[in-house]
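**Q** Sequence:
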Amino acid sequence: MLAVIPILLCALSLNLLYVLIDKKIVGFLDRFIEVRQIPGLGIVLLAICLYLIGLVASNIIGRQVLRFLENITQKIPFLGSIYGIGKQLTRGFSATGKKQAFKKALLIKLSGNDLWVPAFVMNTLKSRKTAEDLFLVYVPTVPTPTGGFVFIVKAS
Numbered sequence: 001m002l003a004v005i006p007i008l009l010c011a012l013s014l015n016l017l018y019v020l021i022d023k024k025i026v027g028f029l030d031r032f033i034e035v036r037q038i039p040g041l042g043i044v045l046l047a048i049c050l051y052l053i054g055l056v057a058s059n060i061i062g063r064q065v066l067r068f069l070e071n072i073t074q075k076i077p078f079l080g081s082i083y084g085i086g087k088q089l090t091r092g093f094s095a096t097g098k099k100q101a102f103k104k105a106l107l108i109k110l111s112g113n114d115l116w117v118p119a120f121v122m123n124t125l126k127s128r129k130t131a132e133d134l135f136l137v138y139v140p141t142v143p144t145p146t147g148g149f150v151f152i153v154k155a156s
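Using our numbering, you'd call the opening residue of the sequence shown number 1 and step up by one each time.
Derived from the structure by calculation, the hints contain no laboratory data. Misleading hints may appear alongside valid ones.
Only pairs whose alpha carbons sit at most 27 Å apart, straight line, appear in this in silico DSS-like list of lysine-lysine [stated by the list, open to error]: (1) Lys104 / Lys129; (2) Lys103 / Lys126; (3) Lys103 / Lys129; (4) Lys154 / Lys103; (5) Lys75 / Lys87; (6) Lys109 / Lys154.
Could you put the whole structure together from the sequences, leaning on the hints where they help?
**A** Following this line, the structure appears as structure tokens:
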């Protein structure tokens, strides 16, 4: 039973991708032009479209268009908060940005018991008294990772 669960999860994930993405995209395109039912065609077309959107967004004109759309969404109350959260997430986890929010992941031991929790290193510090390396870490809370605790822990 334990050996079958990962295989079933992979099969269900592929089926979900096929039903939610592939069939929908091919069905949408079929309204305009006749498209043969080739399995995976919708996913490939989606990947190509996302790549092209990334190319456009990374050039000067694309950045101006994104800035214009951001200004519009900031004026719409509900949409502005959703867009802001998405922008913070992409900025925080972006590996190409100049300043990354999380440098690496680690486990820290909470004092007084044998409880280890996942944490993300946000910055490194130097102790003024001992000249020891310290980490400024963020420990997310459940169920929403938008809340959490910030600790200063020894690098050791």
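**Q** If a hint holds in the structure, say so; if it doesn't, say that too.
**A** Results for each hint:
1. Lys104 / Lys129: holds (26 Å)
2. Lys103 / Lys126: holds (17 Å)
3. Lys103 / Lys129: holds (25 Å)
4. Lys154 / Lys103: Roughly 16 Å separates the two Cα atoms, so the pair holds.
5. Lys75 / Lys87: OK: lysine 75 and lysine 87 at ~15 Å, within 27 Å.
6. Lys109 / Lys154: It holds: about 11 Å lies between the C-alpha atoms, which stays within 27 Å.
Violated hints: none; the structure is consistent with every hint.
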